[in-house]
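First residue of the sequence shown? That's 1 in our numbering, and the numbers climb one at a time after it.
Keep in mind that the hints are not guaranteed to be accurate.
Stated by the list, open to error - With a straight-line cut-off of 25 Å between C-alpha atoms, the simulated SDA-like cross-links for lysine to any residue are:
1. Lys86 / Glu45
2. Lys179 / Glu194
3. Lys37 / Asp61
4. Lys35 / Phe79
The hints are simulated quantities; they were obtained by calculation from the structure and are not laboratory data.
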Amino acid sequence: MRFVIIGSGRVGLRTARVLREEGHEVVLVENDANKAKRARTDGFEVVEGDGSHESVLEQTDLDRADALGGLTGDLNVNFAACMVGKHHGCRTILRIDNDYREDIYRKFASDVDEVVYPERLGAIGAKNALLGGNIRAIADIAQNLQVVELTITEESPMRGYSISELELPADARILAFGKRGDRIGIPLPDDSLEVGDRVAVLADFAVLDDVRRILVGDGSRATAGAGGV
Numbered sequence: 001m002r003f004v005i006i007g008s009g010r011v012g013l014r015t016a017r018v019l020r021e022e023g024h025e026v027v028l029v030e031n032d033a034n035k036a037k038r039a040r041t042d043g044f045e046v047v048e049g050d051g052s053h054e055s056v057l058e059q060t061d062l063d064r065a066d067a068l069g070g071l072t073g074d075l076n077v078n079f080a081a082c083m084v085g086k087h088h089g090c091r092t093i094l095r096i097d098n099d100y101r102e103d104i105y106r107k108f109a110s111d112v113d114e115v116v117y118p119e120r121l122g123a124i125g126a127k128n129a130l131l132g133g134n135i136r137a138i139a140d141i142a143q144n145l146q147v148v149e150l151t152i153t154e155e156s157p158m159r160g161y162s163i164s165e166l167e168l169p170a171d172a173r174i175l176a177f178g179k180r181g182d183r184i185g186i187p188l189p190d191d192s193l194e195v196g197d198r199v200a201v202l203a204d205f206a207v208l209d210d211v212r213r214i215l216v217g218d219g220s221r222a223t224a225g226a227g228g229v
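Can you build the whole structure from these sequences, using the hints too?
Given below as structure tokens:
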């Protein structure tokens with residue numbers, strides 16, 4: 001997947017690193033020359049300029065992006081970037097600080113796909129929001145291994161099949177399964193995969209995209225909400 005992240009400060013750069021480690025394509029937009037230089041030194045593609053300006057964001061090839069995250073410390077910049085991203089068909093993620101009032105949160109939350117509080121969530125939370133509701137990172141087991149929870153969608157190639165019929169890449173294993181609305185637990189061979197059901201998988205980063213295509217499908221960008229564990 002391809003992501004555009006506005007801001008290469010602590011939150012933006014850490015989120016970009018996590019996404020890159022999983023094989024995703026990331027472009028950073030940064031207005032501060034020193035931060036932009038640091039991100040380039042770290043091997044990232046960086047567009048230097050004000051992320052609230054459409055002319056700057058268009059330099060990221062925004063029409064090819066799956067999602068845009070406004071992750072700077074400036075709420076107004078983040079929101080303006082998200083509105084541009086939304087216009088270009090991106091999933092939009094807005095960073096907001098904890099000290100904003102509830103009415104401010106509600107004002108902005110209705111216009112974006114998801115709001116994140118980095119002070120609480122950290123980089124992995126922002127990454128989950130960018131990936132969308134149908135795939136959620138649960139834990140990083142090792143440098144190349146991650147446990148993810150995926151939600152079955154209408155587009156899933158495995159919808160209607162049973163756990164015993166599910167074939168995943170060699171470097172992926174099913175750990176748990178939960179019917180829609182139920183707690184997740186031990187998977188049984190006869191459990192059927194229906195829309196809204198959740199599957200927890202241990203997988204190597206190299207095959208995560210294949211796992212996503214098998215369980216979630218590739219027909220649309222992930223938008224359905226995943227239930228909690």
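Starting from Lys35, check that the Cα of Phe79 is at most 25 Å away, please.
-> Measuring from Cα to Cα gives roughly 21 Å; hence the hint holds.
For the pair supplied as a hint, Lys37 and Asp61, is the alpha-carbon distance within the 25 Å limit?
-> Since the Cα atoms of Lys37 and Asp61 sit roughly 20 Å apart, the hinted pair holds (cutoff 25 Å).
Lys179 and Glu194: Cα distance at most 25 Å?
-> Distance of about 8 Å is within 25 Å: holds.
Keeping to a limit of 25 Å between CA atoms, is the pair of Lys86 and Glu45 held or broken?
-> holds (22 Å)
No hint from the list above goes unmet by this structure.
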